[in-house]
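Colleague: Listed below are the residues making up each chain.
Protein chains: 2
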Amino acid sequence: MAEPLKIALAGLGTVGTGVIRLIETNAELIARRARRPIAITAVSARDRTKDRGVDLACYAWEDDPVVLAARDDVDVVVELVGGSDGPALALARNAIAQGKSLVTANKAMIAHHGLELASDAEQAGIALKFEAAVAGGIPVVKGLSEGAAANAIERVYGILNGTCNYILSTMEATGRDFGDVLADAQRLGYAEADPTFDIEGIDAAHKLAILASIGFGARLDFDAVDVSGISRIKAADIAQARALGYVIRLIGMTEIDTAGSGAGLFQRVRPHLVPVDHPLAHVDGATNAVVAEGNFMGRLLFQGAGAGDGPTASAVVADIIDVARGERGAAFAMPVDELEAMPRALTGHRTGRAYLRFTVPDRPGVLAEITAAMRDAGVSIESLIQHGRAEEGGEVIIAMVTHDGPESAVSAAISLLEGSDSLTAEPLVMQILGS
Amino acid sequence: MAEPLKIALAGLGTVGTGVIRLIETNAELIARRARRPIAITAVSARDRTKDRGVDLACYAWEDDPVVLAARDDVDVVVELVGGSDGPALALARNAIAQGKSLVTANKAMIAHHGLELASDAEQAGIALKFEAAVAGGIPVVKGLSEGAAANAIERVYGILNGTCNYILSTMEATGRDFGDVLADAQRLGYAEADPTFDIEGIDAAHKLAILASIGFGARLDFDAVDVSGISRIKAADIAQARALGYVIRLIGMTEIDTAGSGAGLFQRVRPHLVPVDHPLAHVDGATNAVVAEGNFMGRLLFQGAGAGDGPTASAVVADIIDVARGERGAAFAMPVDELEAMPRALTGHRTGRAYLRFTVPDRPGVLAEITAAMRDAGVSIESLIQHGRAEEGGEVIIAMVTHDGPESAVSAAISLLEGSDSLTAEPLVMQILGS
Numbered sequence: 331m332a333e334p335l336k337i338a339l340a341g342l343g344t345v346g347t348g349v350i351r352l353i354e355t356n357a358e359l360i361a362r363r364a365r366r367p368i369a370i371t372a373v374s375a376r377d378r379t380k381d382r383g384v385d386l387a388c389y390a391w392e393d394d395p396v397v398l399a400a401r402d403d404v405d406v407v408v409e410l411v412g413g414s415d416g417p418a419l420a421l422a423r424n425a426i427a428q429g430k431s432l433v434t435a436n437k438a439m440i441a442h443h444g445l446e447l448a449s450d451a452e453q454a455g456i457a458l459k460f461e462a463a464v465a466g467g468i469p470v471v472k473g474l475s476e477g478a479a480a481n482a483i484e485r486v487y488g489i490l491n492g493t494c495n496y497i498l499s500t501m502e503a504t505g506r507d508f509g510d511v512l513a514d515a516q517r518l519g520y521a522e523a524d525p526t527f528d529i530e531g532i533d534a535a536h537k538l539a540i541l542a543s544i545g546f547g548a549r550l551d552f553d554a555v556d557v558s559g560i561s562r563i564k565a566a567d568i569a570q571a572r573a574l575g576y577v578i579r580l581i582g583m584t585e586i587d588t589a590g591s592g593a594g595l596f597q598r599v600r601p602h603l604v605p606v607d608h609p610l611a612h613v614d615g616a617t618n619a620v621v622a623e624g625n626f627m628g629r630l631l632f633q634g635a636g637a638g639d640g641p642t643a644s645a646v647v648a649d650i651i652d653v654a655r656g657e658r659g660a661a662f663a664m665p666v667d668e669l670e671a672m673p674r675a676l677t678g679h680r681t682g683r684a685y686l687r688f689t690v691p692d693r694p695g696v697l698a699e700i701t702a703a704m705r706d707a708g709v710s711i712e713s714l715i716q717h718g719r720a721e722e723g724g725e726v727i728i729a730m731v732t733h734d735g736p737e738s739a740v741s742a743a744i745s746l747l748e749g750s751d752s753l754t755a756e757p758l759v760m761q762i763l764g765s
Numbered sequence: 331m332a333e334p335l336k337i338a339l340a341g342l343g344t345v346g347t348g349v350i351r352l353i354e355t356n357a358e359l360i361a362r363r364a365r366r367p368i369a370i371t372a373v374s375a376r377d378r379t380k381d382r383g384v385d386l387a388c389y390a391w392e393d394d395p396v397v398l399a400a401r402d403d404v405d406v407v408v409e410l411v412g413g414s415d416g417p418a419l420a421l422a423r424n425a426i427a428q429g430k431s432l433v434t435a436n437k438a439m440i441a442h443h444g445l446e447l448a449s450d451a452e453q454a455g456i457a458l459k460f461e462a463a464v465a466g467g468i469p470v471v472k473g474l475s476e477g478a479a480a481n482a483i484e485r486v487y488g489i490l491n492g493t494c495n496y497i498l499s500t501m502e503a504t505g506r507d508f509g510d511v512l513a514d515a516q517r518l519g520y521a522e523a524d525p526t527f528d529i530e531g532i533d534a535a536h537k538l539a540i541l542a543s544i545g546f547g548a549r550l551d552f553d554a555v556d557v558s559g560i561s562r563i564k565a566a567d568i569a570q571a572r573a574l575g576y577v578i579r580l581i582g583m584t585e586i587d588t589a590g591s592g593a594g595l596f597q598r599v600r601p602h603l604v605p606v607d608h609p610l611a612h613v614d615g616a617t618n619a620v621v622a623e624g625n626f627m628g629r630l631l632f633q634g635a636g637a638g639d640g641p642t643a644s645a646v647v648a649d650i651i652d653v654a655r656g657e658r659g660a661a662f663a664m665p666v667d668e669l670e671a672m673p674r675a676l677t678g679h680r681t682g683r684a685y686l687r688f689t690v691p692d693r694p695g696v697l698a699e700i701t702a703a704m705r706d707a708g709v710s711i712e713s714l715i716q717h718g719r720a721e722e723g724g725e726v727i728i729a730m731v732t733h734d735g736p737e738s739a740v741s742a743a744i745s746l747l748e749g750s751d752s753l754t755a756e757p758l759v760m761q762i763l764g765s
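First to last, the protein sequences are chains Z and C. With this note's numbering applied, the first sequence corresponds to residues 331 to 765, in that order. With this note's numbering applied, the second sequence corresponds to residues 331 to 765, in that order.
Because the hints were derived from the structure by calculation, they are not lab data. Every residue gets a Cβ at the ideal spot worked out from N, C-alpha and C, and that includes glycine. Take the hints with a grain of salt, since some may be wrong.
Anything over 12 Å on all C-beta distances counts as not near chain Z; from chain C, calculated [unchecked claim]:
#, residue
1, C388
2, D450
3, A479
4, T500
5, G519
6, V557
7, A611
8, N625
9, Q633
10, P641
11, T677
12, S741
Listed next, the stretches of chain C that the computed footprint assigns to chain Z, with coverage defined by at least 3 CB atoms under 8 Å from CB atoms of chain Z [as the list claims (entries may be wrong)]:
#, segment
13, 565–575
14, 724–732
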């Protein structure tokens, strides 16, 4: 059998520890599949003494992760430090500069610096791989860049953040409110102490920008993603949606928009109403799912564990096995020079159905004011629920679903109501996912 | 840009024509992704004059497909002739002998001769690829052999035949009987004039044997697949299943069974009752879906179009792009010499819940005889439906669902009833898909 492929591991959190456990547990099988053994030679983390449940004695230790890249006994650097810049980026740049292949699970770093790193990797003739950065254990980077490679991709969308999906599906199952379920999720380890990146949709946006680049051969443009999170969703929204035949999911969606003067790249992360008979409506808990539509393959769905040490380690090691097999690939499915810089798509012409929720004071005339604004902006209402009567002087919830129509009309209606004392909070608008 | 990769196409049915349309339509995109153009140079089919809706004038024509392999202007042979032996196999062997890579959609040929071809391909140092042979447009061969490569695979199961799934989901939607829906499916082109391979489960078994070999590193063993089809399923079965909270799907399932004296390979294609809240219960029409469970990644689901010219062409051309990129892979995820010959798993110890359906004459004492046989064999009945009263002297249907128990007990109960004049037809037994 060939020489082992020698790996250095930077970052020994749950994923890093998972990678060690996986490589140790499945060593014999991996060697058969990779046609050579995979050997960890050196590791680095912040705290050498911490008990991680794995024995590190047989691996060289470096306090400074960046030093790993310079070691002679390392072929591949696995970056699991995290963070878009700082030591992760320093290590990544250094690994490539040293001619070492780089495997990472770092979506933030790839979303912000992926093109620079991919371009340097091409120059250096080494592999840059980040399957674990998108949708955890689901091989969707490979599915899109290789499995779907024969297709003009028309649309990619899905559930890309396990924390949000856990919170939304738990709110749905229990009827409890957002803050309550978030606190539980934090206690259970499903949400970070600072959950902003997850609940405000930024993590999903990192992943979406990566998928958009791979799917459409577009230059990665994270800053152009239109992002809203789930923190404003109330138990009442979930209940109203359910009564109307929908569940609420945070959906990342990207497509090429050819309306207007030329092709534009549409990238959006927003909570959506998903019809209960849609495959994504059955995606519960920390599960992720990605749908890709192509001009020959039709619709493809990938679903699996979006996070967790085992699934993420599975994706990291799949990348390592690809490198061991000599299958280097292009980081974004084609050379960086071939990627097209695409303008942000205009959205004014987009149409669809929408859910609108208003919190209003419990007094006469409010409903008339809201419905008049809808009429004046040309928004046609399909159904409307006024949520029971609140306590004396309290708030009342009005939820409605519109007929198919321009998104711009809904925005116009909301603008007409701006500053009105008939609204006690900013209205919440969610798109309804089409078929 | 590099030299074009030159392709010969044997077989110009719907898939072959689809491959031509795809390569022509997406030529520019494919060249960017493959980092070289893909050019069809020669084609072969039975009838040169037939109008296929594509212009063949720019491709060299061979009456004999086997001759394609010998042409100097061919790098890759694409075999779409079909059939496990005959010209397809002759072409495949000849292509490999000539040092040409081989891409095929031929599940029967791979199920019967895959190891021989893969071994020869390894010797010749060329690629053998067959993504399109399993589940049409779904990249599940790649997903399992590369995406899931870091895992010990524990189980692979799914809906592998679009014709059966179309028939079962149409029976479910319309309440019509099997023969009726099959005739319609034949008229609509969803079923062949001779539908035996599809409806008797053989096509699904071909695909399952291929997945088992890739997933478990086992030598391919099609003859060991335990196969039953869907032709004995009645509208009444679908109705009873629905009343009990299930749909009926033809499920292929393979796992490593370690009960008994050593690891055995379990491979089975059978209609199953699937709980309505299981992801596979929502797979309707000609859609296919495959679930793979691994020791680190957990459960992964791949779903998409299982047949049709576009999706199948998408998978064929994805393989060609892999070859163009120089990513040769091993046909069964590891060298043929590394594949283990595994005995067929014993099934006597398997447990689960089952659905049993009896057609009986409408007279007293029948139910007592059946339930006595269940008791004597130790089968515990969870629920039982006696389907209304038939016309005078007609047949009555008794359907039941058992508690969790050994499959062998159910077989024993059926044996006890063998030859009884209380049964007017052979009983139908279907497993219930566990979680």
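Colleague: None of the hints should be skipped; say for each whether it holds.
Modeller: Quick rundown of the hints versus the structure:
| no. | hint | in the structure |
| --- | --- | --- |
| 1 | C388 | 20 Å, holds |
| 2 | D450 | 18 Å, holds |
| 3 | A479 | 5 Å, violated |
| 4 | T500 | 17 Å, holds |
| 5 | G519 | 16 Å, holds |
| 6 | V557 | 27 Å, holds |
| 7 | A611 | 9 Å, violated |
| 8 | N625 | 7 Å, violated |
| 9 | Q633 | 4 Å, violated |
| 10 | P641 | 5 Å, violated |
| 11 | T677 | 25 Å, holds |
| 12 | S741 | 34 Å, holds |
| 13 | 565–575 | violated (count 0) |
| 14 | 724–732 | violated (count 0) |
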